[in-house]
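**Q** Chain order of the listed sequences is A and B.
As numbered in this note's numbering, residues 1200 to 1493 make up the first sequence, in order.
As numbered in this note's numbering, residues 1200 to 1493 make up the second sequence, in order.
Hints are computed from structural coordinates only; laboratory data are not their basis.
Everything numeric in this text was worked out from a predicted model, so none of it was measured.
There may be inaccurate statements among the hints.
[Claimed, not checked] Computed footprint of chain A on chain B; a stretch qualifies when at least three of its residues, placed anywhere within it, have a C-beta under 8 Å from a C-beta of chain A:
#1 1249–1257
#2 1374–1381
#3 1415–1428
#4 1437–1444
[Claimed, not checked] Below 27 Å or equal to it, Euclidean Cα-Cα: the simulated DSS-like pairs (lysine-lysine) are:
#5 Lys1367/B with Lys1416/A
#6 Lys1367/A with Lys1416/B
#7 Lys1379/B with Lys1416/A
#8 Lys1416/B with Lys1361/A
#9 Lys1416/B with Lys1416/A
[What the hints assert, rightly or not] Derived contacts from chain A toward chain B, CB cut-off under 7 Å, selection only:
#10 Ser1389
#11 Tyr1397
#12 Ala1403
#13 Met1441
#14 Leu1476
Beta carbons are placed, not taken as given, at the ideal position from N, Cα and C, and that holds for glycine.
2 protein chains.
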Amino acid sequence: MSEPLFDKIALIGIGLIGGSIALEARKRGLAKHIVAATRSPETAALANKLKLTDHCGTDLAEACRDADLVIVCTPVGACGPATKAIASTLKPGCIISDVGSVKQTVIADMAPHIPKGVHFVPAHPVAGTENSGPEAALLDLFQGRWCILTPLPDSDAAAVDKLEAFWKGLGSLVERIDPKDHDRILAITSHLPHLIAYTIVGTADDLGGHLNSEVLKFAAGGFRDFTRIAASDPTMWRDVFMNNREAVLEVLQRFQEDLFYLQRAIRWGEGDKLFDLFTRTREIRRALIHLHQA
Amino acid sequence: MSEPLFDKIALIGIGLIGGSIALEARKRGLAKHIVAATRSPETAALANKLKLTDHCGTDLAEACRDADLVIVCTPVGACGPATKAIASTLKPGCIISDVGSVKQTVIADMAPHIPKGVHFVPAHPVAGTENSGPEAALLDLFQGRWCILTPLPDSDAAAVDKLEAFWKGLGSLVERIDPKDHDRILAITSHLPHLIAYTIVGTADDLGGHLNSEVLKFAAGGFRDFTRIAASDPTMWRDVFMNNREAVLEVLQRFQEDLFYLQRAIRWGEGDKLFDLFTRTREIRRALIHLHQA
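Only chain A is shown next, with the shape it has when bound in the complex (with noise of 0.2 Å):
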């Protein structure tokens, strides 16, 4: 255990993500005060449970207050209201920083609230499982997974390095992009994966019938990777959806474009299409296995 990065973290927001900060930034010793706060007093009280963190309250101005980093780690439609509420308490030289998996939209609602002489670091930790609240926490969530910083050009150089040093000391590797390339890539590596997962879900749910007991326990055969998926916390989902829209729409209608010729070629018996596409896609796996990724 090194020398803490920082006396006091404030986490706003103590779900999957913020839990999981908790637990390792205090395994790892990276801060001699953690403390969190979330508006549910159930939320507060079972974090305090689990011992999460030093102390969660509901007061978000009041956990704030003399904190060095602050992380708001709330479902992204709430990341402008929430900086809006802690905004009084932030001290000058605070690092605040999100988790979001949008970050132009998130960036356009948490900058106008933040004071001056306060370094704004917009984050995502790319990790994360289907379960959500204070419960689903863990250990080694990020340990050999990405957090993509998005700095803005005005963000204070040293505030983004000691960030990264943050997140590296969680076990993650760092990589800094634009926010808009952040949210195009995540288009399509995760936000429209869900949202397809979500649609299969419901559409072999409809589909059901007398079948539907079949459908379920027959799901060895691929569709189990997509409930899993589909399991994941609706109202971190709907915000995405909702603050990520022009990227999704963009990757949507080229995902429709393709499926449709698929759709074309299995009407049409044009096997060789489908072997050609198949083909491909393992090779990408085999890319994605050589980068450690799989």
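Position chain B against the provided structure of chain A, taking the given hints into account.
**A** Chain B only, in chain A's frame:
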């Protein structure tokens, strides 16, 4: 280890499924002799090197001589030709089965070649991995997974019972289903998920451009699960789509409608429609966990 169910089993095709049947049947002592045959000399040589069976040759008919159980373990498009090739050496009283993910066309392709006195019992083990070929063979592949038997109206009852005992001996749970219901259920639980996974991986690859390496790097956000599915055997899956066309096109049509519904909700900012679906699909995952198939 109990009394062997069969004196001699012949496997036609020795990839992931055939190879895994061979390994498991030998370990569990379900047959005195297990042989295999494949048209590919390279595959046969590999199967022999890996000692998956007592012997693997390239003469399909010769392998089936004196066999009590013959299982055609080829991609579904090859089931008809393979059955035609072995028909002359199938002994009276022998059981012939398959492992195809489509049942109606496989039955239509195989049945005409099967001699009188040989018992045809179609089957489909709902198990697998994204790997293929003899080296993909695994012990425990069928443990706790369903094997669906789709007996024909005139299937011999004793033969069906014996094949059921064999699959249970391999560790599977067994259910008997009408071939048409099977094809509809698998279209939604397996075929559509695979088609979609193949599509999205292709879409992502095309989108890439200067972002391509980032798309792979940040795959942990959901995309990774799709790449695994989309790495499945191209020949097997081409054949599935060519052979279960009607059922796949039907579920694909419904899926497209449902996806357009969500697309429109995203475009018009109707978050409640997303939230309602996402909440419902989360429940479906819980039902699946309850059924121990997750």
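**Q** Each of the hints needs a verdict: does it hold here or not?
**A** Hint check results:
1. 1249–1257: Violated: only 0 residues of the region 1249–1257 of chain B have a Cβ under 8 Å from chain A.
2. 1374–1381: n = 3 at 8 Å, threshold three: holds.
3. 1415–1428: holds (count 14)
4. 1437–1444: Since three or more residues must qualify, the claim that chain A covers the region 1437–1444 of chain B holds, with 5 doing so at under 8 Å.
5. Lys1367/B with Lys1416/A: Given pair Lys1367/B, Lys1416/A holds - Cα atoms ~17 Å apart, limit 27 Å.
6. Lys1367/A with Lys1416/B: This hinted pair holds, its Cα atoms lying about 17 Å apart.
7. Lys1379/B with Lys1416/A: Answer holds: Lys1379/B to Lys1416/A is near 17 Å, not above 27 Å.
8. Lys1416/B with Lys1361/A: At roughly 23 Å apart (the allowed maximum being 27 Å), Lys1361/A and Lys1416/B satisfy the hint.
9. Lys1416/B with Lys1416/A: 34 Å, violated
10. Ser1389: 3 Å, holds
11. Tyr1397: With Cβ-Cβ at 5 Å, under 7 Å, it holds.
12. Ala1403: OK, holds: Ala1403/A within 7 Å of chain B, min 5 Å.
13. Met1441: Holds. Min distance 5 Å.
14. Leu1476: Since the shortest Cβ distance to chain B is 5 Å, the answer is holds.
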